[in-house]
Amino acid sequence: MGSISKRPDPQQDLKKIRLGAGSASWGDMLDPAIDLVKYGKLDYIGFDHLAELTLSILQRMKAKDPKRGYIPDLIPWTQTLLPLCHAKGIKMLTNAGGANPEQGGEEVLKIAKAANLPGLKVGVVAGDDIFDRIQDIHKRGIKLANMDTGEEDIDRIMDRIVAANVYIGSERLVEALGKGADVVVTGRCTDNALYIAPMVHEFGWAMDDWDKIAAGITIGHIIECTTGCTGGMSNFWKDIKEPWRAAFPIAEVYENGDAIITKPKETGRFITEWTVKEHLVYEVHDPRNYLMADGIADLTHLSIKEVAKDEVRVTGFKGKPKPKMLKLCIGYEDGWIGESEISVSWPDALEKAKFCESFLRGRFKEKNLEIQEIRVDYIGVNSLHGPLASVPHPSELNEVRVRVAVRTSSKEVANLVRREVTHLWTHGPVGSTAVISPPPPRQVISLWPTLIPREEVPTRLIMREV
Amino acid sequence: MKKQIPLIDIAYARSGDKGDVSDIGVMAKDKKAYEILKKYLTAERVKEHFQGIVKGDVVRYEMDNLDSLEFVMFNALGGGATRTLAMDQTGKAFGCNLLRMILEVDE
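These protein sequence lines are chains A and B, in that order. According to the numbering used here, the first sequence holds residues 433 to 898 in order. According to the numbering used here, the second sequence holds residues 522 to 628 in order.
DEER-style ranges, computed between Cβ atoms:
id: 1; chain 1: B; residue 1: K553; chain 2: A; residue 2: I868; range: 46 to 52 Å
id: 2; chain 1: A; residue 1: I507; chain 2: B; residue 2: K552; range: 48 to 54 Å
id: 3; chain 1: A; residue 1: G582; chain 2: B; residue 2: M608; range: 27 to 33 Å
From chain A, some residues computed to sit far from chain B (all C-beta separations above 10 Å):
id: 4; residue: R492
id: 5; residue: K496
id: 6; residue: K575
id: 7; residue: R592
id: 8; residue: G610
id: 9; residue: F635
id: 10; residue: N688
id: 11; residue: E738
id: 12; residue: P779
id: 13; residue: L782
id: 14; residue: E789
id: 15; residue: V813
id: 16; residue: E831
id: 17; residue: L883
id: 18; residue: E897
Calculated from the structure, these hints are not laboratory results. Just so you know, even glycine gets a beta-carbon here, dropped at the ideal spot from N, CA and C.
For reference, chain A alone in the conformation it holds in the complex (with noise of 0.2 Å):
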């Protein structure tokens, strides 16, 4: 951005890198992605795919399939991304390996390949996926309480587990770049990892200078949910005049640690104080001790301020020593959730409503289902805010749509749930209707979060090239 450079600027005489973040989530908009490399003058560009479920999802494609399990995303979002990022070189760090980074690595590869990229270098780290040691680490007397409930007993769900993935940090990314990598596949390192390593390369920081690293996990966590700080899921949308025309943003960060927040201004949307502030506060727990496998950053010390247009400039970053354990998520098999809906409607569209559910419910207990949750919402009504909604006149309700769900141990059960909810078609009040299609039953993956010592977490680095 030109008016960076026009503007005095203290730091002018520092080193600075700019880092783009391409992605949220598994699914997230390419478009936008496309757009920062195409205008956002990038040196670095991550991705983020991963969520606390997905790595069991991919565990199990990888299951099926050996040559699967990372980000099915990974093959068009290199496709379409790669050529243009070796273009103007700059450096692509992805999770999408996901379950299976060797294999992500091994695609990214023959795109590079069916690319006319000769030369080009893939460092690929693996080491988080532990799913394989889980019973044996257990037996040496690790406890692997569940850090949520505080549960010990985990040999109750060890033959249901599906994924047992550790987050872990920067380092082999670090060193990835350093032997020349210039696309990083990994599987569930911390989402900030991908922005901390470009830091720590380029500016040779120390990976215990704790302020430095703080900086870094700080910086990733403000751009690595993407339109997280460029106005989506903002108090402020209704400012946003194109709400077609989305955004995703750059750190422009100087060797020193600060950073300004920005974004390309072909693209819409807007980065203010309040969207990056709204950033910062979003799942960071404990803000004076925000744990990340690299280091703990405190947040309490930081300052914002916008000092142009769409550009906020982010200081005060203090660190601790990292924490000496990893956090490790756990997935496992835990029954079946069956759901469907049916709407009703006008004139006593609640009264219907509740009609409905009285159907249902002794549907499910005259056929004695073994049923353990049931849940009816009134979507409309009290879908989102439950008993704290404050429900309307009935008169004004236009319409209701009753959903219900069940969690069972049975497959058959949950899919059951559907076909009940079909008959109220013919069985329900007047004016029931819009069934569409109900989802097949799924099955739950319910998470054990736990802690594991950092050294029964070995990593390893693999450097590929086309």
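Given the coordinates of chain A, work out where chain B should sit on it, guided by the hints.
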């Protein structure tokens, strides 16, 4: 004398999740509002507000530098996004839900 202030008039909020834990970041619209939030928007008050939804403890953290409070609510998401029967699996609407609160403030 007590004055009633809708939280939505003086604050913004954004919520997210980690496992069965819901996080709500509450941002005061200005410094004066932040002082009101610090005094009246206590962890106990938030816990009481989410009665019937949040089953575990509620912990409050202060971010004076950003005029913001962070609420961490345990056992809040029906076992977590992957397990819950709720439609709002990640508690993304919890922030809006909190903003329904009316604060009773000393004049």
